[in-house]
Amino acid sequence: MKKIQQYIRPLIALSLLVPAVLSCKKTFLEKPPTDSVVDANFYQSDEQVLAATDLLYSKVWFDYNDKASYNLGDFRSGTTYSAYNDRGNVLFNTTDLTPENEAAWRSFFIVVGQSNLAINNINKYATANVTPAIKKMAIAEARFMRALAYRYLTMNWGEVPIIENNLELLNDTTLKKNTVKSIWRFITREMRAVAADLPETAIQAGRLSKWSAEGMLARFYLTRAGVEATGGVRNQSFLDSARYFAERVINNSGKSLLKTYGELFKWSYDNKPESLFELQWVFLAGGPGYGVGNSAPSYLNYSSEISVEGWGGDKGATYWMLGNYEGFTPSGDTMLVGRTLDQRLRETYMLPGTLYPEITQTVNNVNQKLVFPYNNQDVNFASVKKYVVGKSADLGIPVEAQRYPNNTYMLRLAEMYLIIAEAILGNSASTSDAAALAAYNKIRMRAGLPERTDPLTLDVILKERFLEFAMESSAWYDLVSLHYWNPTKAYAFLNSQDRGYFKVIPDVMPNPTQWTIKKTPWATTDRKINANSGNFLLPIPAKEKSQAPNLAQPAVEYP
Amino acid sequence: MRYFRLTRVTAVLFLAVFLASSAAYAQNRAITGIITDQTGKPLQDATVSVKGTNTATSTDVNGFFRLSVSPGANRLVVSYVGAKPKEILIGSQETVSTALEITDTKLADVVVIGYGKARRANLTSAQTTVSSKDIERTVNTTIEQAIQGRAAGVYITQNSGQPGGGISVLIRGISSINGNTEPLYVIDGVQMQGGGTTSSSNTLAGINTADIDNIELLQGPSATAIYGSRATNGVVLITTKRGKAGESRLNYGFQYNLQAPPKHLDVMNLPQYAQIVKEYHALAGGTTPTEFLDPSLLGPGTDWQDELFRYAGMQKHQLSMSGGTTATTYYMSGEYLKQDGIALGSGFNRYGFRVNLDNKPREWASIGVNLNFNQTDEKLTTSSEGIISDALQITPQVPVKNLNGEWGGGDIINGANQFAPVNPVAIATLRTNKNKRRQFQGGLNVNLTPIKGLLLRASFNTDINYQNQLFFNPTYHIGWAINPSATLDNFIGQGSYWNFNQLAQYDKVIGKHNFSVMVSHESQESNWRNLRGRRSGFLTNNVFDINAGAAPGTNEGGSGEWGMESYLGRINYNYDNRYIVTGNFRRDGSSNFGSENKWGNFPSLSAAWRASQESFFNIPEISELKFRFEIGLTGSQGGGGIYSPLRADPTDLGTGFLPTRYGNPELQWEETKTTNFGFNIGFLKNRISLEADYYIKNTSNLLMDKPLPWYMGTSGIGAVGNPVTNIGELQTKGWGITINTVNVDNKKLRWETSLNLSAFKTNIEKFYSDAAFVDRISWWMDNWTQRSAVGEAPWLFRGYIADGLFQSLEDIANSPVRVDNNGARLPANATTGVWVGDIKYKDINGDNKIDFRDETNIGNPWPKLFGGLTNSFSYKGFDLSILVTGTFGQDIYNHIRKVNSKTSTIYTSRNLLVDALDYARITMKNGSPVLENPNTNVPRFTNSQVGNDNNYNTTSTMWVEDGSFVRVKNISLSYNVPNSLIGKQKIVKSIRATIGAQNLLTFTDYKGFDPEVGSYVGANSNSGNQAIGLDYGRYPLTPVYNFTLNVNF
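If you're matching them up, the sequences are chains Y and L in order.
Going by this note's numbering, the first residue of the first sequence is number 1, and it counts up by one from there.
Going by this note's numbering, the first residue of the second sequence is number 560, and it counts up by one from there.
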C-alpha cells in the first residue's frame, strides 16, 4: 500500500506538466485582425474590387474639401472673403505655415497614396473571380483620382514629386520633385489611358464614365495649352484638343445642363445629369460620420439659425465679386447700387431680404422660411449660399455639424461650354465665332441673362467662369491657368480686386427691390492685395520641408 | 541552507520531507541545536556548517537544526541573512544553541521575483520594493501613485490630476520611442501591459491600494528578462495580501480627504478685459460696447476659475478580515471609495471586494485561489470637453447664470461673440461623460511537492473586464451656442485575458552549494470586443438610453485578439551565500509577428558577491557589502502591425474599403540589451545602507510607427497610417542611488531617512533608413513638433529661438525675416509681413532668412535628475512621515500661456492672462513706429491673422519653461492609541489615526498650474503621437488634506 502511494504523488504531479509537453497549437500564434479584412484577403470579387475605389470618391478628399477648397479656390482668387478668419488666404499671404496649405497638401497626397494602394492591391490580390472589365475600370478610377490630385498639386505648388507606388518608398528619403511640364505630361497621359478604360456608361449613378475622363482631358488640355505656351502664345494643338474633348463630352455623354441654375444646388441634387464628377458624401451620425460627410457647409452656414452649426458668419462675397453681377453699377468709388437678373447671385450669395423658402430659419425658437436678415452694422456680409442646404427639416434626413450629405461638384457639363468658347478664342484678342458665342450663351442664358452678341474676349469668358463657378473652388485654378502663359495679367487681375469690408443695405425690408453695397468708411487698409511671382503659388508647408529635406532639391523631369 | 523559495507552502512541505529523511546520516555524530535572534525568536533558514568543510544544514521553522559532523570537526559556523556569522566551538557537545544578532531585518525578507521568490540578500538584480507600510502612508487612489518618489530609477508623472487619472511610469529611462514606454504589470499572475491609453483614465484604477501587500519594481535585466518580450520597460509585480494562520483579524479603515482647488492663473478681470477690448477697437476699428467705455465703473466680472474649481471631498471605507488555520488561510476585503473632483465634471468612485484563499489539503499539495471584483465609475467631462482651457479663455463679462436663471453665454445682452468659448461651467454640468468599468480578476493555482525539493505548480489566471461609457450631449441654449438635438453615444467594451502556466522547480543543497532550477511553460491569450451605438433626437435630457433617441442612429464595432506562448527557465546557484549566480532564459512566440519572426529568445545572466560574508572581510564598520553584475536581453512586442487592415465606410456608391495602415510583414521584436553594475553597502550594523546601480541599455530594432512625410498620404482623414517598423537603435545610460539611514534609534524615538536619486540620459544611436530624424507633429496645436534625431535624446521640442520683439523698423530691416517663394524678404508690413512688436526669431544657419532651416531643439522633456526623500519619525505612539519629491531640468511647453497671451484672440471674445495687458504698444517717433514699452515680451495687437499671426503661432522658446520642481508630496502624522486607553474593553484591539497632507507645497518657477506634466491625453492624441511635456489645460494636482482612521477588532 505504501508503495503505491509513493507513486501516486509523482503521477498526479506529472499530470500538471502534461500541458507543457503538449504546448499550443501552431495556429495559436496566428491572429489576424478580427474586426476588419486585411489587404491580402480582399479584392476577391467584383463587389470587393468596386468597394476598394468607393471611398476614392469621398473620404480621401475630405481634408481638402473641408476648408482648403474654398480657402484656396475662392478666398485666394478674391471671389469670397472672410472678415476675421483665414486672413492669410484672403489677403493672398498664404505662407508655409497656413493651415489650409497643409491640409490641402496632405489631402491630395492621401488621394495619391490611396489610389496607388488600390491599384497595387487590385493588381496583386484580385483573383480570377473578378471580371476583367471591372478590374480595368476600378484601376482606371484610381488613376483618374490620382491624375486629378496631381492637377491640384501642381497648380497650387508647382513642382511636386510624382508617386506611382508608395510601397516602394517606405524607406526612401531621396524622392525628388518633378517639373511642372512633366507633371502635366504625366497627368494628360494618364487621363487618356483612363478615358480608354472607363465605360461609356457609368455602371452606377455617381461613378466615373469615359466622359468624366474626357471632360477632364478638355480641362487639362486647355490649361496645358498655357503650360506649353511659347512667348505668351498658347499651344494651339492643345487648345484644339480641349475643344475636341469638350465637344465630344457634350455630344456623346448623354449629359445635359439642368434647366435652371438653382436646381444645381437645391437638395437633393446629387448626381444630376449635368454632373461629370462629384464627391459622394453621405450623412452618418457621430464619430464614424466624420470623414464621409461634407463638412464644408458647417463653415459656410452663416449662423446656427439655419443649421446645426454655423461658422460662416464672417464669410461672404467680396465687394469685387458683387460688382461682377450685371445690374450692380458703381456709384463713385465706394458704392455699388442695383439689382441683377443673374439667378446665380441668389444661389451663390445671400443679400439681405432675399427669400429662401427651401431653408428654415429658427429665430427665438420660431421656425420660418429664411429671409436673409439685414444686419445694420458697419460691416455685414453677403453670406455664402452655395452648398448651404439648411437643416434636418429641410433635407428630410437628420444631419449633424460637419456631416452634410450634399455632394461637391468637381466637374460639371457647364464647364465644357466655357472651355469651347475659350479654346476657340485661343490666342486672339476677341472672337465672334458662332460656335464660341453659342457655347458661351448657353451658360449665360441659363442664368437668366440676355443673349450676348458682342464678340467674346478672355475677360468676358473668365468673368463668366467666375459667376458660374463662384464658391465651387474653381476661380483660383482659372487664374493659375492664365498665369502659366500670362502671369502679368494674372497679377494685375488679382491686384485690381477689392477685398475689404463693406456693408449691404436693402432699400426696404422685406422684399427689397435693390441694394446699396457700401465700403466701410473706416476700413481703409487691407482692401487690396499684392500678388506677385513671390507669393502666387503656395510654398510647400514648412513642416513638410522640415520632415522631408529631399524636397529642397531641384526638380527633375518625370519620364 | 539557502534556496529559492517559491511559496510558503513549498517551504513547509519541503521541510516536512527533509525532517523525515534526515535520519539517514549515521556514521558521524549528530549535533542538534536551536538558533534564535537576540530576542530569542527562532530563526528559520539559518545556515549551520562545519567550519572548513562543505557539511552544512539549515534550521527549520523552530530554529532547530540537526547536523551530522565528522569526528574531527570542532567549530560550527552559523550564518543568517542580515546577521553577522558566528563561530561556535563545539567540543564534545551534542546540543549547541546560540543567538545571532540581527543587524538588518530587510535583508532577511523574502521578496517576490518573477515566477518565484528570493531572499533580498541574495538578489543579484536591481529591484525595489514598496511595501504596504509605504503605501499606507500616502493617499493613493490608484497603484502608481503609491510608487511615486519611493524608488530610484522610476520616473512617474501624472498625465492628469483628474480623479482616477492616468499616469506615465518610466522605469529606467526611455527604452523605446514608440508610444508605449509603460512597464508590464503583473498582478497576482495577471500580466497587463501598462499604458497605451490616451484617455485621461487609468487601466489600473480598479485595484484597491489597501489590498496590496507589496509592489516590486523589477529594473535590472536579470529580474525582468524572465518576462522576456514584454519586459523592456521594466516590470511591476503586485502581490495582494493573503491570510496568516492564527486568530482572525478584522480591520476597518476610514479615510476622508479634502482636495483644494489650484492656485489661480492670473487672467484678466472685467475692468482689465474691458480695457483691452477698448484698446483693440481703437487699433483695429469697430465699436466698443458702451459699457466698456469706462472700465473703472465695472465690477470684477466672473471669476471662471472660482466657478470651476472647488474644494472637493473624497472618502473611503475599507473593511478587511484575515486569518485561518494551518490548513486554510484567508484574506477578504471590501472597499467603497468616493472621490469628487476639484473641477466640475470630474469624479471617481470605486467599489470592490477581494477573497484570497489558500488551502493545504495534504502535506504535499496546496491550492490557492484569488478573486477580485471591482467597479469604477468615472466622470470624464472635464477632460473630454477641454473645460479647463475654456475656463481660462472665456471672458469675465459672461455670467455663469443670467438673472433669469438660465445659463450665461455670449449673446446680445452679455456681449461676447459667437466665437467665444461656451460657458464651461454649463458644459461641465450639462454634458455627461460617464465611464463605468467592471473588472474581475481571479486565479487558481495548484502546488504539489511530490518529492523533496521539487515543486510542481500549475496556475491559471484571468482578467475579465467590461466597460460602459455614456456620453450625453443634451439640448441647450447658452447664448450663441445652441444644441437643438440631444445625442447619446454609448460605448460598451469587453475584454478577457487568460494565462495558463505550468512550472517545475527543483531545489537542492549539497553542503554549501545551493541549487535551484526552474522550468516553465506558459500560454496566454486576450481578446476584446467593442460596440458603440449613437442616436440623436432625444426629446428629454434625462433618459440616457439609446432607445429614447430617434432611430436609426449609427453604430460601430471592433475587436481584436492577441496570443503568446513561452518557454522559460532559471538556474540559480549560490555558494555559502557568498557567491550567487542566476541565469534566466525565456523563449516567446507572439501573434504580433509574421511566421518568420514569431519567436524570440531572451537570456540573462547575473552574479553577485557578498564580500562581507567572506571570512577575510574584517571591517567592523561595514556590515554588508555586495557587488552585483547583470547582463540580459529583454524585448518589446509592440501592438502589431504586420497586417494592412481595411476600414469600411459608407459612400453614395455603397460601402467602401480603404487600407488604414501600411502593413509590415517583416516586423521584428524590439530588443534591449542591458548591462547593470551595482553594489549594496551597509555601515554600522546597517544603520546606514546604500544601494547603487549604474546601467547601460542598448535597444535595437526599435518598434515605431514610422512617421513618413505627408507626401506618402499618411496624415489626415482617409490617410494610410504609418507602418510599424523596426526603425533604429537607442542607448540609455543611467544610475540610481538609494540611501537608508536610521538616524536615531532609542527607546523613545526612531528617526529614519530614505533618499533616492536617479538620472538617465537617452541617446538615439541610429536609424536604419537614411532618414536622420523622425517627427511627431501635433497638427491640431499649431503644428507643435517633437523630434527624435540621431545623436539626441528622443522627442526634443522643435522650434525657433525667440529673440525678443522687433523694436523699430530699423530693427526689422537689420534682422532676417521670412521670405516669399522667390526668396525675397516679406515686407515690413502690419498685416502681411512682420511689424514692430512682432516676435523676432534667430537665424540659426546664418542665411539671412527665417525658414524651417532655423528650427532647432528648444526643449527637453526629460529630467536631468529626480528623486525622493522620506523622513519618518516614531515617538511613543506617534509616527510622522514626510516625503519630498523633486524633479530637475525638464522643460515644459506652456501652450496655455501661449494661447492666453495672444492679443488678437480678443476679437473672438477670449480672455487673456493679465500679463498680456502689457502687449507691445506701438507709438510713432519721428514718423516711424517704435515700442512704447520696449521691455515687454508680449507681442503687439493685431486685428487680423496674417503673417504676423503665423509669426505669433510659430513654436518658439518664448513658451518653453523650466519645469523643475520640489514638492512636499506627503506629510502624515499617525497616532496609535496606546493599550492603556483601550485595554479595558475586548472589542477594539488597536486604533490608529492619521492626519496628513499631500502636495502641500510645490516650489517651482513654472508659470502654469502644475509642473508635473505627463503625456498629453487631450483630443486628437493617439498612442503613436502623444505629446510629452506639453501643457494645455492639464487637470492639475492640488493639495489634499486627509484624515484616516484604522481600527482593528
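Since the hints were derived computationally from the structure, they do not count as laboratory data.
Ideal Cβ placement from N, Cα and C applies to all residues, glycine included.
Be aware that one or more of the hints could be misleading.
[Stated by the list, open to error] The list that follows gives simulated cross-link-like pairs (lysine-lysine, DSS-like), each with its CA atoms no further than 25 Å apart:
#1 K272(Y) to K255(Y)
#2 K176(Y) to K1320(L)
#3 K1320(L) to K1232(L)
#4 K1157(L) to K31(Y)
#5 K26(Y) to K1157(L)
#6 K519(Y) to K837(L)
#7 K692(L) to K837(L)
#8 K837(L) to K919(L)
#9 K545(Y) to K1408(L)
[Stated by the list, open to error] Covered by chain L, per the in silico footprint, the following chain Y stretches (three or more residues, Cβ under 8 Å):
#10 48-56
#11 103-115
#12 164-171
#13 345-353
#14 533-540
Now the hints, each set against the structure:
Our distance criterion of 25 Å between C-alpha atoms is met by K272(Y) and K255(Y), whose separation comes to about 9 Å. For a cut-off of 25 Å, the pair hint linking K176(Y) to K1320(L) is broken: about 36 Å separates their Cα positions. Taking the CA atoms of K1320(L) and K1232(L), the gap is near 16 Å; set against the 25 Å cutoff, the hint holds. The hinted pair formed by K1157(L) and K31(Y) meets the criterion: a straight-line CA distance of about 12 Å does not exceed 25 Å.
The straight-line distance between the Cα atoms of K26(Y) and K1157(L) is roughly 11 Å, inside the 25 Å bound, and the hint therefore holds. With a C-alpha separation of about 23 Å, the suggested pair K519(Y) and K837(L) falls inside the 25 Å cut-off, and the hint holds. For the hint pairing K692(L) with K837(L), the CA-to-CA distance comes to about 60 Å; that exceeds 25 Å, so the pair is violated. The suggested pairing of K837(L) with K919(L) is violated, with an alpha-carbon distance near 82 Å, which exceeds 25 Å.
Simply put, K545(Y) and K1408(L) have alpha-carbon atoms about 15 Å apart, close enough for the 25 Å limit, and the pair holds. Only residues whose C-beta sits within less than 8 Å of a C-beta in chain L count toward coverage, and the region 48-56 of chain Y has 8 of them, enough to reach three; the restraint holds. Counting residues of the region 103-115 of chain Y whose C-beta lies closer than 8 Å to any C-beta of chain L gives 10; at least three are required, and the coverage claim holds. Remark: the region 164-171 of chain Y is confirmed as covered by chain L, as 5 of its residues place a Cβ nearer than 8 Å to a Cβ of that chain, reaching the required three.
Counting residues of the region 345-353 of chain Y whose beta-carbon sits less than 8 Å from any beta-carbon of chain L gives 0, not enough to reach three: the coverage restraint is violated. Closer than 8 Å: that is the beta-carbon criterion, and the region 533-540 of chain Y has 6 residues meeting it against chain L, so the requirement of 3 holds.
Going through the hint list in order, the structure does not satisfy hints 2, 7, 8 and 13.
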